[in-house]
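Please take these sequences and the hints and turn them into a complete structure.
Each protein sequence line maps, in turn, to chains V and X.
Residues in the first sequence are numbered consecutively from 64, following the numbering used here.
Residues in the second sequence are numbered consecutively from 161, following the numbering used here.
Among the hints, erroneous ones may be present.
The following label-pair restraints were derived from C-beta to C-beta distances [stated by the list, open to error]:
# : chain 1 : residue 1 : chain 2 : residue 2 : range
1 : X       : His319    : V       : Asp352    : 33 to 43 Å
2 : V       : Ser581    : X       : Ser195    : 56 to 66 Å
3 : X       : Asp391    : V       : Asp482    : 29 to 39 Å
4 : V       : Ala563    : X       : Gly422    : 45 to 55 Å
No lab work stands behind these hints: they were computed from the structure.
For glycine and all other residues, C-beta sits at the position ideal for the given N, C-alpha and C.
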Amino acid sequence: MPEMNEQAEAQVTGGGTETTETAAAVHGADGNFHKTDANGNKHIIVDPITRIEGHLRIEAVIDSNNRIIDAFSSSTMFRGIETIVKGRDPRDVGLMTMRICGVCTGTHYQRSIEAVEDAFDITIPKNARLVRNLIQGALYAHDHLVHFYHLHALDFVDIVSSTKADPEATAKEAQKWADVAGHKPSISGVAEFKAVQDRIIKFVKEGRLGIFGNGYWGNKSYQLTPEQNLIGVAHYLKALDIQRDMAKMQAILGGKNPHPQSLVVGGVTCVQDIQNPARLALFKQLLVDTNDFVKGAYLPDIYMAGTAYAKEATDADQSFHATNHKGTLGKGVGGAGGGILSYMTYGDFRLDDTGFYSAETFFKRGVVLDGDISKVIELDEAKITEDVTHSWFEGTGAPEHPYDGTTIPKYTGLEKKDDGYAYLKTDEKYSWIKSPLYDGRKVEVGPLARIVVGYVAGDERTKKYAGNFLKRSGLPLTVLFSTVGRTAARAIETEMICDAMVEWIDELAKNAASGDLSTWTDFDFDTVAADSKGRGMAEAPRGALGHWIRIKEGKVENFQAIVPSTWNAGPRGPNGEIGAYEGSLIGTIVANPEEPLEIIRTIHSFDPCIACAVHVVDTKGKELAVYKVDPTCAF
Amino acid sequence: MSIDKEESVKKLFTAESAKVDTNKGDAYYDELYASCQKRIEELRELEPLNNRMDFMESVEEQGLERRDFLKWASATTAMLMLPASFTPLVAEAAVLMNRVPVIWVELSDCAGNSEALLRSDGPQIDEIVLDIISLEFHETLQAASGHQAEKQMDEAMEHFKGKYLLFVEGAVPLGLNGQYGTIGAKGETFVDHLHRAAKGAAAVVAVGSCATFGGIPAAAPNPTDAVGVMDVIKGKPIINIPACPANPSNMVGVILHFVLTGTIPELDSLLRPKFAFGYRIHDNCERRAHFDAGEYVEEWGDEGAKNNFCLYKVGCKGPMTFNNCSIIRYNEGVNWPIGVGRGCIGCSEPDFWDKYAYERPMANANIKAPTGGVEKTVDEFGLGLLTAAGIGIGIHAAASAIAGKKEDEGEA
Ligand code: SF4
Ligand code: SF4
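Below, the structure written as structure tokens:
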């Protein structure tokens, strides 16, 4: 493969540092790809995918032009939390399901509690609604920021390259992108950039980079200039500081982060913090500081990266639909990493106190299929099903609604080769994640879905923020249907949420000052918990999240969750339907198959949370998570 | 309940601490001081394992004054339960932290402890410490994926053989031959991965309740047969830092202690460092005066809640739980679960999901975990005591509630 060797060589000479040489030294016999199939296509395994929550493996098939022609996503871990909550008091379920994920943390907590409140038909007081919105809003902003800088940025930013930057030019560059965003830059001083650079130079000189070691530095698919890279690195470090403040916001009303503790069925417990104006003022101050960083660093960096990576983002040749024979769209929509172009949202953040599913919401609910942005289809909960054809579970053959689903584990393992490498058996079962479908279709969930659905639904706020982004960047709408677009959508909604939270915290302070300190709605547990069922369907930072619960004689009879990464990371459907992760990889050209940078860049753009995505199982092979709802149920 | 029983329960809950003796006498400390000094001297001779930047330089770069740094050092000295005279040594140890390589592996986890590490609370300084400790491998944070990531780990294990601290986050699933969790291109099971990583470690630090006692995956009925690290790894020093997630100050404390003394801190019978887990939440709780006065929150959001009353009757398990949350709190000390009016769920105790994590008081809990859970490593004496306390305290609480009510009325 002369082509590859050339690239490997270019890397050494191009990078020119000790680290890239070390990385180059591993090329050859023992790289990321391990088998070549009958057609001469290379199969590569990327396991572990790092900088995500949970354990994920990607296998990709790459043709002689280095184009990904097929891809498979598999989760390699699960714990069975849905089984564990069965038989317990429904009031305690939220604390346990929160441990599904330490990153989304409070989101699962809230969804479970809402499912129970839906079952008990409880409407929480205004203070409780606002507190939950504020904790959840801070969580979104925190999650998105940490994702971009600490889990995703290094897919765009070449740390080693930043050592060649001119600090003065860097300061000018930072000013330029801040101007595009219409805000003052978060870091503007030449001296500050110089200090960061000195620090990195020291780091690089030593040869061992710690967690930055063995990165893909010097890879050809890095597009930023040294100055832009230095901006990225400087913001990476500053974001470490900012994220602690954002977590502090959650702790003010939630007790701690990760894993807050102030939500209970019926409301919240933090009445002390609500009635203390100093606490709320501290919250607001932290919010203002956060907002400064979001507008003065996060968004400018997105404009910068979006522009630098616009070519791939709009390269229809690399889109899923250019390759995928089953696609209903022709070429020309979306670019590298765009994926399947079908989106679904449940909606989130109640804006009034009329009740769970009747309140106006900040994020809209709906479905957009096949990139058809002329209309939003109304979400019909009955059309949500899960299939296990390619998951390590036994099924009845047909996709099932989560309410009716049975889950019986059936682990069939990996295919071990003589050289010790183990491959997914992609024709059979290959993941612990189930394959959820909407109306028999695969859909993508997450920030991009929220922006697309909100935009198409004509939501004023979404149109304003997304429109602003496109106007300022001068990029076309289609840029959103790509890896970079997904990353941009996350930044757009971060700004939206941070601005809205300013309104919410003021509303809470005003309400408390007016003398309303009610935080909890009373209910008679024994009556409501005799026999009931409910669902908590809203959004998590990573997309649509649903918890379904059935309660009998005061105990959880059954519990089921379909989480964002189940939708996005799930394996093939019953008829080979391709999900969001797999679809987004297909079509992409990788610069150097030895270094899976393009793969992890696209996978990271979804912000995977794989621990969440995995379903229930039982070692003893008993039938578990039997979720049956009487057919007269409204769903 | 007879009077003397009630008295003994009362005594139990008013005792300063059940386990830790904070003052070990001058001779002990003199000797420790000398050995720490020697250790630090030796470390100073060593080249930083990977040439990390100079600590004080980076402190100054961050706009921190030496004075702030020393303040942090003295707070940390107190947290480690050392006399104030150790402050300069602790400061010195912080400077030398870059001599201790850390490898962090994740098993059946939720990444909550990694997130907590990022939150490293307390003085700003902690973050700098973390920024420059020698973190060699950390799945959630590191740049490389796949093959390059595996190589990074292999190299670090080889290069720092016998010297690195292995941090483990997440439980170890043993069911299905360990195949509930695999990692790497070869599909290595978590349990094999752990064995391989632990082999060359100087000590193994289990962070969070999953890695220590099995945590949520091991809650009844424990579908994946998950256990804690100490049930799998034998013949290595093991330090447990439980809680869900572990407090980052305690993680930093353990590393510092290791740098300072070259040994692991003094542990209780559950292998928890006594400096952090030597007190009950209840011993230092800010609502304690209300407990003693019999002033309770009776239901969420009531007048008691508005007045910061004790949370025992809405399920607080602070009396059964050993941890230092009530002293160091969370997220730069801004709040903690009892502060936010919820109460402690006992998250640093073994099997707490089955024993403590419900919103009713211990004595009149009417829901039991489906199967009761497996009792493995509980300190039997402690358990007996606490269970008795649980029942006793229910009665005590009921008795004082009557007194409390009277006062309520008085106040209203
Ligand atoms: S709130 Fe909990 S820890 Fe505090 S005094 Fe009451 S029972 Fe003890
Ligand atoms: S107060 Fe109790 S529940 Fe809360 S973190 Fe501490 S030990 Fe865990």
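Verification of the supplied hints:
1. At about 40 Å, the beta-carbon gap between X:His319 and V:Asp352 stays in the expected band of 33 to 43 Å.
2. The supplied range of 56 to 66 Å is met by V:Ser581 and X:Ser195, whose beta-carbon atoms lie about 59 Å from each other.
3. About 33 Å separates the C-beta atoms of X:Asp391 and V:Asp482, a value consistent with the hinted range of 29 to 39 Å.
4. As the Cβ distance of V:Ala563 to X:Gly422 is approximately 52 Å, the hint placing it in 45 to 55 Å holds.
Figure legend: structure checked against the earlier numbered hints; every hint is met.
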